[in-house]
Amino acid sequence: MSGQPQLLAGFGKINITPDYPVGLRGYSTDATRIHEMVVDPVYATCIALTEGEDTILIYTLDHCCCDQTITQWIRDAVTPATGIPGEHIFTSATHTHSAPDMNSPLDCIAKYISEVLQPGILAAVEPALEDLEEAELYIGSGKTDGLNFVRRYLMPDGTYKMNASSKMNPVAHESEADPEFRVIRFTRDGKKDIVLVNWQCHCATSQGYFRESVSADIVEIIRMRVEK
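Numbering (the working numbering) for the sequence shown: 255 to 482.
What the hints contain is simulated information worked out from the structure, not anything from laboratory work.
Ideal Cβ positions, reconstructed from N, Cα and C, are used throughout, including at glycine.
Watch out, some of these pointers could steer you wrong.
As the list claims (entries may be wrong) - Derived DEER-like restraints, expressed as beta-carbon distance ranges:
no. : residue 1 : residue 2 : range
1   : D321      : L401      : 55 to 63 Å
2   : F403      : R479      : 20 to 28 Å
3   : E307      : P410      : 56 to 64 Å
4   : V292      : Q258      : 42 to 50 Å
5   : Q258      : N417      : 44 to 52 Å
6   : E434      : F344      : 15 to 23 Å
To be verified - BS3-like, lysine-lysine: derived pairs with alpha carbons at most 25 Å apart:
no. : residue 1 : residue 2
7   : K446      : K482
8   : K482      : K267
9   : K267      : K365
10  : K445      : K267
11  : K267      : K446
12  : K482      : K397
Let's have the full structure, built from the sequences with the hints guiding it.
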C-alpha cells in the first residue's frame, strides 16, 4: 500500500564470555561450580525492528534464564541510552546450562555482571540500530517429534514432580511438548539475513562432555547450521 511504513531490521551481537572463572548454571546444586574452559562463546544478541515511528528491541542472552530482574535492568540501561521505551524491549534466554549462573552468590558473578554482561547489553544495541535496513519478513515452521518432552510428571498419588525417575513409577508427562520449530526470517538487500528461531528444547547437550565449561550448547550448533 502506498504510504505504508517500511519495515526495517537490524542485528547486533556482542561476546559476553567470561575470561576469568565464574560460577556456572547446571544440574549441580553446588553454587560454587566453576568454569575451567570455553568450548564456544556465549553472546548477547539484539534485533532492532522499526516501522514508522515505533522501534522495538528483541534481546537474547546465552544464559540459562532471563528473569524479570534482568529484564528490568536491561530496560533501565537501554532506554536512557536509546530513547526506546522499556515496554518496547523484549528479552529471552537460550537456556544453556553452560553459562554464568546469574543466581550464584559468588563474588565473581557480581563482577561478571558489572564488567561483562551490563556493558555487553548496551554494546549490542548500538550495532543493531546502525544495521537497520529495509527488510521483508518470512515465516516458516517444521516438526521435531521425539526430540523434546515435558519434564514434569504426574505421579501415582495425583501430584506432579519434576524429573521423576522410572523408579518413582510416574504415570505420564504433565502435558505434551510442543514439537513445532518456528522460524522468522528477515531478508535484506546487500546485508545478511536475520533469523529468529523459537523451539521448545532443553539445551543441555555439551553438559555431558564438558561439565565445567562455558558453551552456548545446541544453540551454537543451530547458529552454525543456519548460517551455513
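Do the hints match the structure? See the list:
1. D321 / L401: 55 to 63 Å: 26 Å, violated
2. F403 / R479: 20 to 28 Å: 23 Å, holds
3. E307 / P410: 56 to 64 Å: Given range 56 to 64 Å: holds, Cβ gap about 57 Å.
4. V292 / Q258: 42 to 50 Å: 46 Å, holds
5. Q258 / N417: 44 to 52 Å: Since the Cβ atoms of Q258 and N417 sit about 50 Å apart, the hinted range of 44 to 52 Å holds.
6. E434 / F344: 15 to 23 Å: 20 Å, holds
7. K446 / K482: It holds: about 12 Å lies between the C-alpha atoms, which stays within 25 Å.
8. K482 / K267: 18 Å, holds
9. K267 / K365: 21 Å, holds
10. K445 / K267: 15 Å, holds
11. K267 / K446: 13 Å, holds
12. K482 / K397: Measuring from Cα to Cα gives roughly 21 Å; hence the hint holds.
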